[in-house]
Structures are given as C-alpha cells and as structure tokens.
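Assemble the whole structure, with the sequences as input and the hints as a guide.
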Amino acid sequence: MTFPDPVTIATPAFIVLVLIEMLAVRFGAKGDYDWRDSFTSLTMGFGSTLAAVVFGATIVATYAAVGRHHLLTIPITWWSGILCFVVDDLLYYAFHRSAHRVRWFWASHVIHHSSQHYNLTTALRQTWTGFWSLSFAFRLPLLLVGFDVRLVLFVAGINLIYQFWVHTEAVRRLPFGLEYVLNTPSHHRVHHGSNPRYLDRNYAGVFIVWDRLFGTFEAERDDEPVRYGLVHNIATFNPLLTATHEWVAIARDLRAARTWRGRWMAVAGPPGWSESGTPTTADAIRADWHTRTAPAE
Amino acid sequence: MIFVSVLGIVTLVLFARAIGFARNPVLDPDAARLIAEAQLPGFAAVDAAVDDGGRGARVQGRDGRTARVVGHGDRWVVRVDPEPWA
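Line by line, the protein sequences give chains A and B. Under our numbering, the residues of the first sequence are numbered 1 to 297, in order. Under our numbering, the residues of the second sequence are numbered 1 to 86, in order.
For the record, the hints were derived by calculation from the structure and aren't laboratory data. Each statement offered as a hint is correct.
For each label pair, taking beta carbons as the anchor points, the in silico distance ranges come out as:
1. B:A18 / A:R221: 34 to 40 Å
2. B:P82 / A:I76: 57 to 63 Å
3. B:G20 / A:L50: 30 to 36 Å
4. B:A44 / A:R197: 17 to 23 Å
5. A:T8 / B:T11: 18 to 24 Å
6. A:F27 / B:R62: 38 to 44 Å
7. B:V26 / A:I20: 27 to 33 Å
Bear in mind that the values here come from a model prediction, so they are computed numbers and not experimental data. The beta-carbon is built from N, C-alpha and C at its ideal position, and this holds for glycine as well.
The structure is reproduced here in structure tokens:
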C-alpha cells in the first residue's frame, strides 16, 4: 500500500487560504499582516521543505531501521490508522512540550514563535534545524510498537496539515463543544502568547485533551488579548538570522558559562535560565507576575 | 519546483504589500511606555522620550533600568538599554 504525501497535496490550498485570509482581514475580519513578516514566515517555510529534502532520507532510513525491532505487527487498516493518529498526537504533545522546556529543542522551535503576528503565514514559519534538535525521534515509539513507517509518516502529515488552519485570529471559537476536544484557533492563540498567563500553555497538536489531562491548558480570555511573539522578540526579518539566532545564543552562553552546571543548563535547561542574572524562564516570569497581580485577582 | 515556490512567496508578499499591509507606525511617549511595560517582564515605566522620528524611544523604568523601543515592521522590539537614562 502506498500513501500520498498529504502536505504536498495541501500546499496549494495553504496558498489560497493565505490569500483569502489577507483579503478577509483587509475587509474587516480580525487579524493582521505585515509584508515583511510574511516574507520571513514564507521563506522559513520554504527553507524547512528544503531541509526536509536534505534530511528526509536519513529520517526515513532511521525510522525503517528502528521499525525492524517492532514489538507487534500492526496491520494497515482503518482502526490502526485512527489509533496511530491519536498516539502520534500524544507523542507530538510530548515533543512540543519538550521543545518549549529544553533549550536545545527550543533553538529550533523558537523560529515558529518568532513572529509578533498571528496569521496563516505564521503556520508556515517552520524551523530549518529540526533534524539537529532530534524532533523526529519523538515518533520512534510508534515504530517500536509496530506501526508501519508509511502509516506513521502519513498521520504525521495529517497532523501537520491540521495545525495550519488554527493559526488565525479570524475564527473566534468553535461550536458544538469542539473547544473541549480539539486544538482550535482560540487555544493555539494562547500558545503563541507571551503574556505571563499564556506562556508555555496549550501544547496540543490536534487534541487539546492532552493539555487538559497534563495540566498545561489555559483558556483564552476576552479581557486579556494575546500578545504574540517571544519574551525577547527578535529584531530581524532576515531568514538566516531568524533560523540561527538561538543556536548562536546557546554558543555564546556556553562560552560565558563558568561552571559545568552552567554549560549543561545553557544547552538542556529551560529557555531563559541564567547562571548569573535574573532568570526569564516561563516559570519565573509567571511566578513574578502572580506575585505582582495576585492581590488584584 | 523551487522556482514555483519562490514565485509563490514573492507573489504573496507583494500582494500583502499592495493591499496595504505595510505600515510603519510612529510612537508617542504614552505608547512607548505601554510597549516597554508589555514586553519587559516586571518593567514599570515612569518616563519616555521618543526619537528617530517616532520609530524609536527610550523609556525610564522605576527600577533604574532604561528600555529601548525600536520599530520592527509594524511592531516593536524592546531591549534593556545599557546606557543610563540621563
């Protein structure tokens, strides 16, 4: 059985939807664009597809090699497809949470959060260095359990496509209780927020239930608009600098570290950890914010 | 394929610019204070001075820090300025 590449099929639709969103915003829908920001986002997306071409064969070969040590033999059928999709989404949650909590992983993922805008081009602002951050490794359990590598790659593509459309301000909230089950534009707006209340929340890919289960869910509040971007926003539209700025910062912090703990934390600690100065980790910022605002709430 | 992708990017970017997503807003002191407070955790602004034709500002913090607000497209980037306020 062969599977199509869902992302290749969906790419023309991505472009059409970006055009529709631009026009909708121009005619009054909620949202915003900046042509320079869109240039960076789209170029990052293009670069990430080139990176996938360069490293894709290595990743697939790794998946195939690991898959040879599978515990079970799971057939490719409708129920295994659904099961694989759900478990893959759980593993995506683990990957995504790690990508925000471990600086080595964050160095790649930060690119996706480096825009101060939130629109459909932001969805395409993807890393060029995910291979070095070992993001592909988070799917290895699926292969070890016994899911076919073709099925794993297919559901990964579907997961990625789902996450495209949640990057919009034009959709407020979904009806029929879907907000309880699915990752939605509202939930993902929170994820892209740098407000202390919203930092490091809503890691879900497709199913928001993982955040509800593991205590990382935060609902979007109408009285607190999301401030998109990073705690320390970058001041460049240059795609190369955007792709590498956190790696450069890691190298700088490694060079400046005075202890082995400092060196370890510069690589594997949470983003914002500091050996000498005031930490600006998400936890520290939230704790400080709670201290300052608790009596008012 | 590469040529088509590059053409697609250029088309979308130029389209965005053509329909008006190309603002370069300018600051006033009140806006500079709010932006600095929003982007620097724990920063409380007490004074601000706009420069660079409204595309930048220096903001004095209650804790002695000075924030530098710089235009970045239609948004702003804030850094702690190593230069003291006055």
